[in-house]
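A.B. asks: For chain D, the structure is supplied; the task is to place chain Z on it using the hints.
Top to bottom, those sequences are chains D and Z.
So in the numbering used here, spot 28 of the first sequence is number 28, and the numbers just go up one at a time.
In the numbering used here, each residue carries its 1-based index in the second sequence increased by 1000.
For the record, the hints were derived by calculation from the structure and aren't laboratory data.
One should not assume that every hint holds.
[What the hints assert, rightly or not] List time: in silico DSBU-like cross-link candidates among lysine-lysine, alpha-carbon distance up to 30 Å:
| id | chain 1 | residue 1 | chain 2 | residue 2 |
| --- | --- | --- | --- | --- |
| 1 | Z | K1214 | Z | K1226 |
| 2 | D | K88 | Z | K1007 |
| 3 | Z | K1232 | D | K59 |
| 4 | Z | K1113 | D | K21 |
[To be verified] Counterexamples of contact, computed for chain D against chain Z with all Cβ distances above 10 Å:
| id | residue |
| --- | --- |
| 5 | D53 |
| 6 | Y54 |
| 7 | L119 |
[Unchecked claim] One side of the interface only, derived from the structure: several residues of chain Z facing chain D at Cβ under 10 Å:
| id | residue |
| --- | --- |
| 8 | F1033 |
| 9 | A1039 |
| 10 | H1138 |
Keep in mind the model is a prediction, meaning the values are calculated, not measured.
Quick reminder that beta carbons are idealized off the backbone N, C-alpha and C, glycines included.
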Amino acid sequence: MERDDIIEYSLDIHHSEEHGKAIRTKIWKVTALLTAITALEVVLGSQIKQSSDYWQAIKWFFIGLTLIKAAYIVLIFMHLGDEKKSLKYMILVPYFIFILYLIYILIVEALAVNSAWTLNVV
Amino acid sequence: MAGHASKEIDSSALWGGKISPFSTSYGKMMMWFFLVSDALTFSGLLVAYGFTRHACLDAWPIGEETFNSMPFLGHGYPLLYVALMTFILIVSSVTMVLAVEAGHRMDRKGVTKWLIATIIGGFFFVGSQAWEWSHFIHGSEFGKVELTDGSQAIVKGHFGEIENFKVLEAGKHHKKGDVITEDLLHEFHHAVVAGNVENGIITLHDGSKAKVNKKADHGMTLVVKKDGGTHKVGDVIPESKACDMYYEAINSGTPNRVVYGADLQQNEYGPQQYGQFFFFITGFHGFHVFSGVIINIIILMGVISGTYHKRGHYEMIEKTGLYWHFVDLVWVFVFTFFYLV
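Chain D with its partners taken away, still in its complex shape:
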């Protein structure tokens, strides 16, 4: 039975051969970028020791690179960049609210625990 209350959104997602070619080019470009970032991370990670003076800068650089990688995976590979704004924000906003709060708690509490342990007050 044909139902008129359901819209088959999936039937709308077809694209032509030429459009497909453009998409594939984009995919391979993103692949090259992700691979290059991983390679850079490994080279830096094996060359610069954690005892080095540059370590703090490198650490934040790594975290930045990771976020870039994650953004490309989510926006391009998972096509979230092509979805409606409302869907995008419904996924990203609640997630980030929770995670930023958790990260804040983790750093504050962990350092408090650490200082308690090192001062031997517990």
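C.D. replies: Below, chain Z alone, put in the same frame as chain D:
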């Protein structure tokens, strides 16, 4: 991808009922909701890991020192193996997105080809993780040592090979004068943990006593990972003293002075929780990869039998693709926070 989501629809029509305000199908939206909750689970685990790590600070192991081995090549390749695993997973993510793209052109052959490639990549990753776990569980040749002041230190340097055990006192199996050349390292580690090595004489499991003939170690230094009476976390004991202090523990004849590898109770790399987090986080991720491979195989059967072609669209590939990319996404974070920083 593009499609309905890119259409401009008046917001009163969009939110007025009868259509999805997100211009997406129910299945895809629910996959996204599931992924958000799964992302929160993984974030929770990584946050717990970060909490423990910051609470322990210097005692925490350093990724590039713990994971520096390659299959067939041995030690001295920091991070290379996990980088390879990361690369495998990225590539399998790419083949998945190519399968999705082929699906949008109704190219059944293309979908089949890229989906098979994705499944192979997934199996490679799971296999790599098995090797990684095995390596982590078995540990290094030196292990972690408890020094006389009660502090614990990890050992760096080149382990001199054990050449043989020369039997001095007969036991159940070995006669006096026998030279044992098999399974030496395993037997040695076992005896050290049990406290059966004293002054270079090992008591084997059959009760025989043998002299350990071993080449000299090179460049040994100790890095203290747990406070003791004299040594504090972060202290590095130079080569001149390290060897004596290490072999004092080995030859003490006291059990449990040295820890090799890892289990859920203890590990040679750092605090107890380190091993537990390693097993839980990489294990939970590995389980996701494994179930992803199974899901991909099931979907592949649907592709080959033409189920989705008859349906007129390959959205199912998109949905499993979302899950598969998510697994890759999680690994990007595990790679950074477990191995890199």
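A.B. asks: Are the hints correct? Go through all of them and say.
C.D. replies: Outcome of the hint check:
In summary, the hint linking K1214 of chain Z to K1226 of chain Z is supported, as the alpha carbons are separated by about 29 Å, within the 30 Å threshold. Distance hint between K88 of chain D and K1007 of chain Z is fulfilled; the C-alpha atoms sit about 15 Å from each other, no more than 30 Å. As the CA atoms of K1232 of chain Z and K59 of chain D are separated by approximately 25 Å, the hinted pair is consistent with the 30 Å bound. Note on K1113 of chain Z and K21 of chain D: the hinted pairing holds, with a Cα-Cα distance of about 17 Å set against a maximum of 30 Å.
At the 10 Å boundary, the C-beta of D53 of chain D stays outside the reach of chain Z, the nearest C-beta of that chain being 16 Å off. Every C-beta of chain Z lies more than 10 Å from that of Y54 of chain D, the closest at about 13 Å, which supports listing it as non-interface. For L119 of chain D, the non-interface assignment is confirmed: its Cβ lies about 13 Å from the closest Cβ of chain Z, beyond the 10 Å cut-off. For F1033 of chain Z, the interface hint holds, the least distance from its beta-carbon to any beta-carbon of chain D being 8 Å, beneath 10 Å.
Proximity of A1039 of chain Z to chain D holds as hinted, the smallest CB-CB distance being about 6 Å (cut-off 10 Å). Hint on H1138 of chain Z is violated. Least Cβ distance to chain D is approximately 22 Å, over the 10 Å limit.
Figure legend: structure checked against the earlier numbered hints; the only hint not met is number 10.
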